[in-house]
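> Sequence:
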Amino acid sequence: MKKQWRLVSLVSLLSLLLGGCGKEFQSTLIPQGEAAKMQYDLLILSSVIMVFVVAVVSVIFFYVIVKFRQKKGQEHVIPKQVEGSHKLEIIWTVIPILLLLILAVPTVTYTFKLADVSAAEKKKLDKDTVVVDVTARLYWWEFAYKTDKVVTSQELIIPTGKKVYLNLKGADIKHAFWVPSLAGKMDTNPENTNKMWIQADKAGTYNGFCTEFCGPSHALMQFKVKALEEDEYKAWIAAMKKQDGKETAATAQAQQGEEIFQKSCVGCHAVAGNDSRPAAARIAPNLANFGDRDMVAGIADHTDENIKNWLKDPESMKPGNKMTGKYGNLTDQEVDALTAYLQSLKVTQ
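full-length UniProt numbering puts the sequence shown at residues 1 to 349.
Bear in mind the hints are in silico, worked out from the structure with no lab data behind them. We treat Cβ as the ideally placed atom computed from N, Cα and C, and that holds for glycine. Some clues are possibly wrong.
In silico lysine-lysine, DSBU-like type, Cα no more than 30 Å apart, as pairs [stated by the list, open to error]:
(1) Lys149 / Lys123
(2) Lys37 / Lys23
(3) Lys124 / Lys163
(4) Lys185 / Lys113
(5) Lys312 / Lys226
(6) Lys174 / Lys113
(7) Lys242 / Lys124
(8) Lys169 / Lys87
(9) Lys346 / Lys226
(10) Lys224 / Lys242
(11) Lys87 / Lys113
(12) Lys113 / Lys80
(13) Lys169 / Lys146
Distance ranges between label pairs, derived from CB positions [what the hints assert, rightly or not]:
(14) Asp172 / Thr93: 47 to 57 Å
(15) Lys174 / Trp5: 14 to 24 Å
(16) Asp201 / Lys122: 24 to 34 Å
(17) Thr147 / Asp172: 41 to 51 Å
With the hints as constraints, model all of the structure from the sequences given.
Printed below as a string of structure tokens:
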């Protein structure tokens, strides 16, 4: 029994220590943007208040235990009773009110700041205002840039040091959008559009997650947020606008893969970054910049091997995805050709 308790204590201690570990691209405790910093400040403030209350109550508790413990020879002595003391009642009523005010004022202030998306709700958007329609699907993410008419998936590209306004909606069932190091979570519902904004202070890649259980691949419904310097961001937007899906593959193998893609994949996928694709080609991720991405299916490293594994058996990598069973079995030669074509879909050099 003692050994079991020692094991439980060790595991609990390790969990506590590991719970404090994190990296800047996915930790709420290492905020990388204005929204995340406001939420972090509220977390610290509320924690300090809670620790203060627990400390004060604990000190009073142990003081009373020691001060008024029963002593030998004083078994029948009754300490001075303080019930009905106006002074004590005022103290323990006023102090909690003050603590609540200390917490409430910044909470309400930050809530209004975080909810302020007025810049994205103007009839005519300013040219520098970045507004992205985020659509959550089983089990992937689509990002449509309203001002620039650019569409991509699985990777949200944003400029550094600037608020990016998001219109969040679920295409099928309820999901939730969360980038821990940049902002708090927000539900994506089929029946309404939720709005929020995020901001990254410095260039880098940040991890995003679905945080509302949505099916067998809920834990695999991940995405990346790539923050680029302003010049790089504008160059990326310009390159995506030029990507109309009519580019010709460079190598013979990639050309063969393009032919296969046009026969079996184009019905669901598109390779046009400038949103020129038909509505029917929006039921699966836009592959316009597939060759530039860091991940395959949002979860595996971007390698030829993982692309081939995905093409051969999507179900084994992401159970319940809608690509499973949508096409016939591919030969190894066809898989190699498709991989070469997909790797050629780049907007950056």
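> Does each hint fit the structure? Answer for all of them.
Now the hints, each set against the structure:
For a cut-off of 30 Å, the pair hint linking Lys149 to Lys123 stands: about 16 Å separates their Cα positions. The hinted pair formed by Lys37 and Lys23 meets the criterion: a straight-line CA distance of about 15 Å does not exceed 30 Å. As the CA atoms of Lys124 and Lys163 are separated by approximately 17 Å, the hinted pair is consistent with the 30 Å bound. With a C-alpha separation of about 16 Å, the suggested pair Lys185 and Lys113 falls inside the 30 Å cut-off, and the hint holds.
Between Lys312 and Lys226 the CA atoms are separated by roughly 29 Å; this keeps the pair inside 30 Å, and the hint holds. Only pairs whose Cα atoms come within 30 Å are accepted, and Lys174 paired with Lys113 is accepted, the gap being roughly 25 Å. Restraint check for Lys242 and Lys124: the C-alpha separation of about 24 Å stays at or below 30 Å, so the hint holds. Between Lys169 and Lys87 the CA atoms are separated by roughly 54 Å; this puts the pair beyond 30 Å, and the hint is violated.
Distance hint between Lys346 and Lys226 is fulfilled; the C-alpha atoms sit about 16 Å from each other, no more than 30 Å. With a CA separation close to 23 Å, the supplied pair Lys224 and Lys242 stays within the 30 Å bound. This hinted pair does not check out: Lys87 and Lys113 have alpha carbons roughly 39 Å apart, beyond 30 Å. Straight-line distance between C-alpha atoms of Lys113 and Lys80 comes to about 52 Å, which puts the hinted pair past the 30 Å bound.
Pair hint Lys169 plus Lys146 holds up; C-alpha atoms about 14 Å apart against a cutoff of 30 Å. Between Asp172 and Thr93 the beta carbon distance is about 51 Å. The supplied range of 47 to 57 Å therefore holds. The hinted range of 14 to 24 Å is not satisfied by Lys174 and Trp5, whose Cβ atoms lie roughly 41 Å apart. Restraint check, Asp201 to Lys122: a C-beta distance of roughly 25 Å satisfies the suggested window 24 to 34 Å.
Between Thr147 and Asp172, the C-beta spacing of about 27 Å breaks the proposed range 41 to 51 Å.
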